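So the protein lines, in turn, are chains A and B.
Quick note on this note's numbering: the first sequence kicks off at 45 and runs consecutively.
Quick note on this note's numbering: the second sequence kicks off at 531 and runs consecutively.
No lab work stands behind these hints, which were simulated from the structure alone.
The structure presented is a predicted model; accordingly, all values stated were derived computationally and were not measured.
Accuracy of the hints is not assured; some may be wrong.
Have a look at the derived ranges for each label pair, beta carbon to beta carbon [what the hints assert, rightly or not]:
no., chain 1, residue 1, chain 2, residue 2, range
1, A, 141, B, 769, 44 to 52 Å
2, A, 74, B, 944, 48 to 56 Å
3, A, 176, B, 992, 38 to 46 Å
4, B, 684, A, 175, 24 to 32 Å
5, A, 75, B, 962, 31 to 39 Å
What the simulated footprint calls covered on chain A by chain B, stretch by stretch (three residues with Cβ under 8 Å from a Cβ of chain B suffice, anywhere in the stretch; the number is not a length) [unchecked claim]:
no., segment
6, 85-92
7, 96-109
8, 203-216
Negatives, chain A to chain B, calculated, CB over 10 Å [unchecked claim]:
no., residue
9, 66
10, 70
11, 78
12, 116
13, 117
14, 119
15, 123
16, 137
17, 147
18, 150
19, 156
20, 162
21, 178
22, 180
23, 191
24, 197
Glycine included, every Cβ here is placed at the ideal spot set by N, Cα and C.
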Amino acid sequence: MKKIYTLFFAIIIGFYSCVEDQNFDQFDDLDIIPTIEASLLYVESPEQIINDAVGAVWYINTFNFDAFNEAFFADNVIDGVITYELENTTSKELEIIFEFLDDSGAVLDTEMFLIDPAPTAVLMREIAYGNATGRSLDIIRNTSAIRVSASNLGDNTSVSNLPNPMINFRSSAKFRVRLK
Amino acid sequence: MIKSKLSLCIALFGITTLCSQNKELLYDFTEIPQALLLNPGMESSFSWYAGMPLLSGIYGQAGTSGITVNDLFANDGLDINDKVRTRALNGMTQRDEFGETIQIDLFNGGFRSIKKPQDFYSFGVYFEANTILYWPKDLAYLAFDGNADQLGRRFDLGHLKTKGEGLTVFHFGINRQIDPKLTVGVRAKIYSGIFDFNSSRNDGYFTTTAGQNNILANTMVADLALRTSGLEEIRSILSDEASGSVANVITKRALFGGDLGLGVDLGFTYQLNAQTILTGSLLDVGFVYHSGDILNYTLQGRATIEGVEVILPDAFSDPNADLWQELVDEVEAFIPFEENSDSYITFRPTQMYGSLRYNWGVPDTGIQDCDCDINGQLKTSRFQYRNGVGGQIHIINRPRGPQAALTAFYLRRLGSIFSLKTTYTVDKFSFSNVGLGVNIQAGPVNFYATANNLLSYSNLADSNYASFQIGLNILSWGNN
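Make a model of the complete structure from these sequences and hints.
The following block contains the structure:
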């Protein structure tokens, strides 16, 4: 009988368990901050369009662009970079102005590009927002439209001797967003 | 508030749900009537038994593979972000899982046929709920790291796999001793599904590559689906969109008012020789047909975007076009997020047990083994060896394929009051799973308790796996 009691208590002790000190408040310190990256705007125009235009401004348009002021993104974006690329294979010097507009149409930020006639290197530029040296993140948060205007600083008759001459404007955005 | 209630509800359902469901301690523990639920062909010598309602079988199990609570939340002074990075993101694979199971006997009983004493009938109703969530590795990387600076990397959407269900099971089993060496059994089951959700056949990927026109191209190829049953009505009540009470909905669905299904358990015990016994069982070969309160979600299609694109001179044709909205509409058209209420079938997580046991030792009661059947004079003698040792196998079908567990066990009987079973189990959760089960027979009162992975009890938070089962029955052998 004594053996049985001993065994019984051994079982009870065996089932007794412990949990080492856990600190679930650590969850509050967990950061989930992915960096997301996507293209923004692509504009392509053959040289003939530039030559056919009346006046220097051969293209101007305002695009609705709600990606930045979507509530979740606007509330949680931390910082980021917008990358621009211009490739000019036309025979003209061109000026491209890229503007961020808010809901009322007010200009929040402007980026201007001057690019030489072909042959010329691809113009690349990165503009930072939100970090210590970057521009205000409010520009991004409040942007609801983008205006692109393109001007011809050269003549209206010449044609590049490169195949299929055109201007290509490329842009992409890379931002850190806090999910938690 | 409603959201938090719903979250709590789902969390509770979740907590009450899955894992490997291996009940290695209870299997072939022939003194415990509930072992018949694991092998309807178990050797039994009960005359009758009656489980205490709601107390005859309470089973809970939780498991994680690849990580423990302690790995992340130990008060060790380390930065949790570093711990998540090294132990979860970099330490886990899409085969690692989180899961829980709960099973509660609502009532359970059994009796031996008077006219045909080699037949033993058992019946009852139990509630079972289980969930499983596989670690969505690529989606976790996408959430923590994003897609930047990872050109060409494919984030596999197929890593999203989860499944959960809650149901009541009405069962009736027949256990027949064919001859002194062979006992077989079968159990019919009717399932009454309370809730179900599953998203386990997902496919597709998300990738970022160099764009054809623009700098980058984001491509998504998706074939995702989440099927739910029995949750929408609860959600509507909790969000005050419908009248009624959640309790009523659950009760109604638990009593044949929800999804219905059929299943069967099969089992046998065969005495290879006087001291060696082979057993096997196949459980939950069945299905549930989900036809009520269905709400399914799908996301299927393929789209590649390179931002807003203005191609001149084509764009001059509609200078006022909302190109951003067109882009959004285009993506939604290519990869539509849709809902439907199509009925569906789920198959139960079929399980298989097998064991080989060698018995020895003189019984404490002094009763010797006999070559007799259930009609024999010494009805209890067939399991009165003092010791039993052997091995068991358990296999269960899971969304990522079968999971197996191997168990070595030792069974010890101490007089007519105590029986003990200890196990050592190896599975994907643990290589150090030692379990202990005890059965106490005090007159007609039978109490049992089992728990496994005892070595981890020094710090449960650091355990990958834990389960327990307790139960209380009134039972009788022989002519009691």
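Tested hints:
| no. | hint | verdict |
| --- | --- | --- |
| 1 | A/141 to B/769: 44 to 52 Å | holds (49 Å) |
| 2 | A/74 to B/944: 48 to 56 Å | holds (50 Å) |
| 3 | A/176 to B/992: 38 to 46 Å | holds (41 Å) |
| 4 | B/684 to A/175: 24 to 32 Å | holds (30 Å) |
| 5 | A/75 to B/962: 31 to 39 Å | holds (34 Å) |
| 6 | 85-92 | holds (count 6) |
| 7 | 96-109 | holds (count 5) |
| 8 | 203-216 | holds (count 4) |
| 9 | 66 | violated (4 Å) |
| 10 | 70 | violated (4 Å) |
| 11 | 78 | violated (3 Å) |
| 12 | 116 | holds (14 Å) |
| 13 | 117 | holds (13 Å) |
| 14 | 119 | holds (17 Å) |
| 15 | 123 | holds (12 Å) |
| 16 | 137 | holds (19 Å) |
| 17 | 147 | holds (14 Å) |
| 18 | 150 | holds (19 Å) |
| 19 | 156 | holds (18 Å) |
| 20 | 162 | holds (18 Å) |
| 21 | 178 | holds (16 Å) |
| 22 | 180 | holds (22 Å) |
| 23 | 191 | holds (12 Å) |
| 24 | 197 | holds (18 Å) |
Figure legend: structure checked against the earlier numbered hints; hints not met, in rising order: 9, 10 and 11.
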